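Peer 1: What follows is the residue order along each chain.
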Amino acid sequence: MALPQSLRVSVTPPELELVASQQLVEIVPLISMEKTAFISGAYGPLRPPNKAKVPLWMAVNLKLKKKCHIIAPPWLNADYLQDRLTEETSQPAFSKLPFRFTEIAKVILDVASDDLESPDKIRSLLKDLREARQAKSREGLKTLDHSELSLPNLCSMEINEIRPYFVQSMSIFTQLVRNPAPDPLREA
Amino acid sequence: MDWDAQYELLKAGKAIPQAGPSYTTRNESNIDDDDMRPVLPGRDPGDEPERRRTNLILDEEETVATPLERLTRHWMNERHAPDILPAQEDLLMNLLDHLRRQSEAVQLLREDPSTSEEEHMRIMLVQTEIERVKFIVRSYVRTRLFKIEKYARFITTTPEVQTRLTAAELDHASRHAKITDQHFYVSVLQSLPEKQSHLDDTPLFVPPMITEPDKTRPVFVHALKQCPRIRLPDGATLEMEKGHISLMPYSVVEQLVARGEVELI
Amino acid sequence: MDYDYFSVEAILAENQKIQCTFKHAIPGMGHLGGGSERDIAVLSKMQIPIWLAYTIIYSDWAEFNIPQPFSSRVRNALRADACSVRLSNLVGAGGSWYGFGKTIMDILSDEQANEMSQMLTKAFRERLVDVIDQAQHFAALGQANAGGTSGNAAQSFREGLDTTERELFSLAQESAKQIKRWYEDSDRAKH
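Chains as they are written, first to last, in this note's numbering: chain H, 1 to 188; chain B, 1 to 265; chain C, 1 to 191.
Simulated from the structure, these hints should not be mistaken for lab results. Check before you lean on any hint, since a few could be wrong.
To be verified - Straight-line alpha carbon distances no greater than 27 angstroms define the calculated DSS-like cross-link-like pairs of lysine-lysine that follow:
no.	chain 1	residue 1	chain 2	residue 2
1	H	Lys136	C	Lys45
2	C	Lys180	H	Lys127
3	H	Lys127	C	Lys23
4	C	Lys177	H	Lys136
5	B	Lys134	H	Lys96
6	H	Lys67	B	Lys134
7	H	Lys136	B	Lys242
8	H	Lys121	C	Lys45
Bear in mind that the values here come from a model prediction, so they are computed numbers and not experimental data.
Full structure from sequences and hints, please.
Peer 2: Here's what the structure looks like:
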């Protein structure tokens, strides 16, 4: 088979992590490296202790070999996330977070928690955020129909988690509704 | 499949194997680059990170500029769309070519005993990226292959779809359709009366025998710019602002996907 | 509930039988209902599988009654509390209540079809959130505690799901498990 069953209806979390790992983060390198052309762009030069911007996958690679410190993105700290959580629990809409915040936060927490301030607090805030936002997706499910469901600020990993059953449910609505309007034509 | 074999297969699919700009660059780069670092000469790589302006703060305002970013977007679109999207042959060839150049450079550095410790770190990073890019390329190609096999009969009977396939993909579709037809014929159809031994009947009250992509399947859409008004299945209209995210049937946004005004997420 | 020639589910769904009342006598066709009569007499009633009923109804040889799973009794029960109705009991093991309903809807007159569509859509919507909640609850429990005590009403609801809902249940469960695995699988552990 050209594509395994599990990959036909959705995308896997590791695949989303792979995509997210292309995003740039700041590091403090502990080794020197000339500016180098990669397929995705040129990175470097690395000159300790000067900061440099590299893709997350490269930062993870260097970090695991103890060749850099990762500087947390501006949103990955307890204060910022606490504000988002307050917003999340007081407003009906999804609060605005970076589209791939789940993936990036997990990767950095996994390999570089020693570079973060109060990583445990961050973990627990992320967990609370996740739960508050899941409750909102659930509200979305209640209003699902055969036509359209707007989900502003829903993030990559969250979409992926609800995708299989949101898509299937909407398909079922489409079949149960009588005479859905003829093929929607775009208006001029 | 072996990587080089896959490369050759894809390359062979081109009607005319073009010695495009990327090929010339490769030749030059190998000759000019004395120390064989995997650094591309011929352009200033310095402005790349600035140009990309990937902003991790809040809004993912990336301008999709690099070939890899473009392929990643096509890969995700292809994974989510029920239909087969137009092949990105030039983009793919460009990346395959780049992959090959990087691999060759790594190979040369590896064989060089004078390669320093620092260089080894660089080789490792370049190698890591090569694997990442290979994964995306493979998954993209396989995603298309899956749909092509599933809708092989539909493809062979629908000229419009054929325009979205590469020559190699089209050839694969025809052969796949032929093989399954033969299998059905030998194992079942030849024993049935002539009237019932076809694979393209459209009997009443029964779905058509040729499986088509189900364009009513919903997809998650992310507007990359302000989109023209679309009409939804319930009759309402929607004008998506840039950044808008919605779940809706693919048929509603098919044109927007084709024009790159939205991406599937 | 997919509409594909090679879909086994679609083929099985058409094996559901509906009661047809014949408007004409049809000699020599008594075997259709599985009985021992030689002929079909006027006004005789027979249980005919859907795939065959299409032709018979469209040719105006017979009328059909709305099948019991969609009777006014079921309708009232759904209206009272959609989640307490055991859809699986109505269509038998492996049956799709929604798929069957959709099939019937497609051969009804406009007015009746609209009513049918409303009933199906409403039932689906009212049960959907509970289906997903339970799937996620089960995924969170993990292997060890699955099947434990999660309340009689919940268990009864799960047993009452039709195949359409069961499929959604497993999609949601699988998705929740997949993301749980990802969260638990750390890069640090790999290195």
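Peer 1: All the hints need checking, so say for each whether the structure fits it.
Peer 2: Comparing the hints with the structure gives:
no. : hint                : verdict
1   : H:Lys136 x C:Lys45  : violated, 51 angstroms
2   : C:Lys180 x H:Lys127 : holds, 12 angstroms
3   : H:Lys127 x C:Lys23  : violated, 65 angstroms
4   : C:Lys177 x H:Lys136 : holds, 20 angstroms
5   : B:Lys134 x H:Lys96  : violated, 33 angstroms
6   : H:Lys67 x B:Lys134  : holds, 25 angstroms
7   : H:Lys136 x B:Lys242 : holds, 22 angstroms
8   : H:Lys121 x C:Lys45  : violated, 71 angstroms
Comparing the model with each numbered hint stated earlier shows that hints 1, 3, 5, 8 do not hold.
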